[in-house]
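Generate the whole structure from the sequences, applying the supplied hints.
Chains as they are written, first to last, in full-length UniProt numbering: chain A, 1 to 189; chain B, 1 to 189; chain C, 1 to 189; chain D, 1 to 189.
Read the hints as simulated data drawn from the structure, not as lab findings. Each hint should be verified, as a subset may be incorrect.
As the list claims (entries may be wrong) - Capping the alpha-carbon separation at 30 Å, the derived lysine-lysine pairs in DSS-like fashion look like this:
#, chain 1, residue 1, chain 2, residue 2
1, C, LYS46, A, LYS46
2, C, LYS114, D, LYS94
3, B, LYS129, A, LYS177
4, C, LYS46, B, LYS46
5, A, LYS47, D, LYS18
6, D, LYS4, D, LYS47
7, B, LYS36, C, LYS36
8, D, LYS18, C, LYS46
9, B, LYS36, C, LYS4
10, D, LYS36, A, LYS36
11, B, LYS4, B, LYS94
12, A, LYS18, B, LYS36
13, C, LYS94, D, LYS114
14, A, LYS129, B, LYS177
15, B, LYS94, A, LYS114
Claimed, not checked - Partial list, computed: chain B residues near chain A (C-beta under 8 Å):
#, residue
16, SER21
17, ASN137
18, PHE140
19, PHE151
20, GLY152
Unchecked claim - Interface residues of chain B toward chain A, partial, derived using beta-carbon atoms under 10 Å:
#, residue
21, GLU22
22, SER24
23, LEU61
24, ARG103
25, LEU144
26, ILE153
27, LEU175
28, ASP181
29, MET182
Just so it is clear, the structure is predicted and the values come from calculations on it, not from any experiment. Glycine is no exception: its CB is placed at the ideal position from the N, C-alpha and C atoms.
Number of protein chains: 4
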Amino acid sequence: MVVKDQITQQAIILFGEKGFSETSIQDIVDELGVTKGTFYYYFTSKKQLLKDIHHEYISGLLERQSRIIDNDARTQKEKIIGIIRLLITDIADKGPSARVFFREMHHLSDDHAKNIKARREDFRLNVEKVLQTGVRNREFRQGLQVDMIAFGILGVTNWSYNWFNSDGDVSPEELSKIFADMILTGIVE
Amino acid sequence: MVVKDQITQQAIILFGEKGFSETSIQDIVDELGVTKGTFYYYFTSKKQLLKDIHHEYISGLLERQSRIIDNDARTQKEKIIGIIRLLITDIADKGPSARVFFREMHHLSDDHAKNIKARREDFRLNVEKVLQTGVRNREFRQGLQVDMIAFGILGVTNWSYNWFNSDGDVSPEELSKIFADMILTGIVE
Amino acid sequence: MVVKDQITQQAIILFGEKGFSETSIQDIVDELGVTKGTFYYYFTSKKQLLKDIHHEYISGLLERQSRIIDNDARTQKEKIIGIIRLLITDIADKGPSARVFFREMHHLSDDHAKNIKARREDFRLNVEKVLQTGVRNREFRQGLQVDMIAFGILGVTNWSYNWFNSDGDVSPEELSKIFADMILTGIVE
Amino acid sequence: MVVKDQITQQAIILFGEKGFSETSIQDIVDELGVTKGTFYYYFTSKKQLLKDIHHEYISGLLERQSRIIDNDARTQKEKIIGIIRLLITDIADKGPSARVFFREMHHLSDDHAKNIKARREDFRLNVEKVLQTGVRNREFRQGLQVDMIAFGILGVTNWSYNWFNSDGDVSPEELSKIFADMILTGIVE
DNA sequence: TATGAATGAGTTTTCATTCAT
DNA sequence: CATGAATGAAAACTCATTCAT
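As structure tokens, then:
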């Protein structure tokens, strides 16, 4: 069963580097010194492997998101900060996984996509709910269009898979703080 | 010469719908009732077509960005608002082009990518400069990490290619305003 | 277009010799000195080629059958003799085609099979109608179960693809006569 | 040892339904809840399994044929009737086996085919001998070309694996009678 | 007896690209 | 300008078979 995991890990790396379509099964197994047959012993298709990767990723995110949200000791503001940090550190830690997750979604077959899409929406709707609660209890500005703001927040964080390099000048923690500040209090004096 | 444009337009639509790798030259020419030979009369390769599309798109953005930035009558705040509106309306108006531009960049060959990447960075650095100027003249908060904020702003706008549907409840103009408000003044009361 | 025909002819030979599943596209094109790409330029799939072969074969049979049946100068007995000769000579002349037609039918995809099956039934029902008419006008025995007899006659003829060798002692004409005699007048003294 | 039989039975069913090439070892063992390893414990190869099936089938036929033929109380006419009934009821009773036997013979490897073919010929030659004896003792028409007639009789019966459904209007017994009548006395008034 | 992991040789199919006309 | 024919390299996937345990 360890081989299956190795294949998955290698696939994540290669999908992240070259993209899903540009990575062949041969590329993946060559790196591990096994054969294509072995791949198909563990996976029914290349798309199924992609689904597995997405599934794994979104599951992890949802679980950690719920740990943040379900903590009643936190204000809604703190929850938003937590979610921003969750996404940024995830992208920093598991760069390739994140790249696959955010960029290669459209290669999922319709069948597989349904489930994954639904859970990605869950994640977003959870953000929306936190915002909604925050508006109600006057943590956030009245009249906030929470659905669009949720998209905006996720844009800030998710986009970073495109460029963020955790070995650079700015640490994930610092970036999370910068983004949280921007979102919460804006940039004007 | 009109045929070349038709091919480009059709390619944008199909690349946008199905992705670059999933779209074959055959798919493109079938839709136009011409043959693959015709494609290769006008383009040297599939990748070159992609480059052309990217080139066209980023050129348009850069040109319009410079019209916003070079207008000395505007404050830096107004320039940021203008750039946000520029990106959002572009994504709304030319959905497929935008999808290709933001999603299929990594299919550019190294050679082609260099030029496009440089100009994408130019776009970002221009945003950074506006922010920098705004910090200096006290429109924006002191100590703002302008490079990261530029990435953040572009995240908010660019991510919308993933989800924004201009036929929905929110118009591009409204969305631009919502995002500009969030970025400039935040969401807390 | 000549190449397409060559491919079809070669396929018939090889399907006849080795069977459909045992014959690879590679086998077919190797024999002709072209490449697999060429095959897929002319055919959309291996199954489609099989369908084409079946289509061609049954069309030829049906056409010649109708020429026999529509000739009002003939008695029903003569028509039955004609159909027997039609099948036997066909199997003798186009051995491999016949083998493919009679043996490899179950490899047709459901979609393709429908049409072919319907036309094979047409052929059989035409035999049935001749028998029916012959019973009515007292050429054939009263009370004959014409549907079963039609199956019986076709069994006699079709089965010969399994063993008949037109280079042997018995010519197709002779065999047709032997079988017609057996079917029409039996074997008892 | 029961497992080996289960595998054989399941294989017959699947070979009958989908054909030999289209049925994988995996298909067979999946249905029984065992693994491919188990298959190779009992059989040395897929082809050997096919040979076993053919062997079993032809052995049964030959044995029952000899019981019919060796019974000196019967006329040759009665023997022919008996052989027709033998084949038809066999096809009716063991549909899938019969389908495999009559349709998938050409998948036997040369080595295996020799033995099976020889015994199939024995069956046919036995029919020929009955006919020959019948001609000699004037049960059958003088000058009958017994080799061809034997092929014809077997065509009538064997072909029925293609279409005969024992759940239909006509019972195996009835069909046997219809075919025997046709062969013995023909169809003309 | 039976399994589970792995293989390797093969299969069908796709498709960007070339080029003579 | 445009086509139709052909290619070749690579892709995903299949599956009978082996073998250590």
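For each hint, the structure was consulted:
For the suggested pair C:LYS46 and A:LYS46, the alpha carbons sit about 24 Å apart, so the restraint of at most 30 Å is met. With a CA separation close to 26 Å, the supplied pair C:LYS114 and D:LYS94 stays within the 30 Å bound. A distance of roughly 22 Å separates the Cα atoms of B:LYS129 and A:LYS177; the hinted pair therefore holds under the 30 Å criterion. With a CA separation close to 29 Å, the supplied pair C:LYS46 and B:LYS46 stays within the 30 Å bound.
Note on A:LYS47 and D:LYS18: the hinted pairing holds, with a Cα-Cα distance of about 27 Å set against a maximum of 30 Å. The suggested pairing of D:LYS4 with D:LYS47 holds, with an alpha-carbon distance near 15 Å, which does not exceed 30 Å. For the proposed pair B:LYS36 and C:LYS36, the alpha carbon gap of about 19 Å is at most 30 Å, so the pair holds. With a C-alpha separation of about 17 Å, the suggested pair D:LYS18 and C:LYS46 falls inside the 30 Å cut-off, and the hint holds.
A C-alpha spacing of about 20 Å is found between B:LYS36 and C:LYS4, which places the hinted pair at or below 30 Å, so the restraint holds. Only pairs whose Cα atoms come within 30 Å are accepted, and D:LYS36 paired with A:LYS36 is accepted, the gap being roughly 19 Å. Straight-line distance between C-alpha atoms of B:LYS4 and B:LYS94 comes to about 19 Å, which keeps the hinted pair within the 30 Å bound. With a C-alpha separation of about 27 Å, the suggested pairing of A:LYS18 with B:LYS36 holds against the 30 Å cut-off.
Using a Cα cut-off of 30 Å, the hinted pair C:LYS94 and D:LYS114 holds, with the two alpha carbons roughly 26 Å apart. Restraint check for A:LYS129 and B:LYS177: the C-alpha separation of about 22 Å stays at or below 30 Å, so the hint holds. The straight-line distance between the Cα atoms of B:LYS94 and A:LYS114 is roughly 26 Å, inside the 30 Å bound, and the hint therefore holds. Proximity of B:SER21 to chain A holds as hinted, the smallest CB-CB distance being about 3 Å (cut-off 8 Å).
The beta carbon of B:ASN137 comes no nearer than 10 Å to any beta carbon in chain A, farther than 8 Å, and the hint placing it at the interface is violated. The beta carbon of B:PHE140 is positioned within 8 Å of a beta carbon in chain A (closest approach about 5 Å), and the interface hint is therefore held. At its closest, the beta carbon of B:PHE151 sits 6 Å from a beta carbon of chain A; the interface hint therefore holds under the 8 Å criterion. Restraint check, B:GLY152 versus chain A: the minimum CB separation of about 5 Å is within 8 Å; hint holds.
The closest approach between the C-beta of B:GLU22 and any C-beta of chain A is roughly 7 Å, which is under the 10 Å cut-off, so the hint is satisfied. A distance limit of 10 Å between C-beta atoms decides the matter here; for B:SER24 the minimum to chain A is near 12 Å, and the interface restraint is violated. Taking 10 Å as the C-beta cut-off, the interface hint given for B:LEU61 is violated, the closest approach to chain A being about 16 Å. Given the 10 Å rule on beta carbons, the hint for B:ARG103 holds: about 7 Å separates it from the nearest Cβ of chain A.
The interface hint given for B:LEU144 holds, since its Cβ lies 6 Å from the closest Cβ of chain A, which is under the 10 Å cut-off. Proximity of B:ILE153 to chain A holds as hinted, the smallest CB-CB distance being about 8 Å (cut-off 10 Å). Checking B:LEU175 against chain A: minimum C-beta separation of about 6 Å stays under 10 Å; hint holds. Annotation: interface hint on B:ASP181 holds; nearest CB of chain A at approximately 8 Å, less than 10 Å.
For B:MET182, the suggested interface contact is upheld, since its CB lies about 5 Å from the closest CB of chain A, less than 10 Å.
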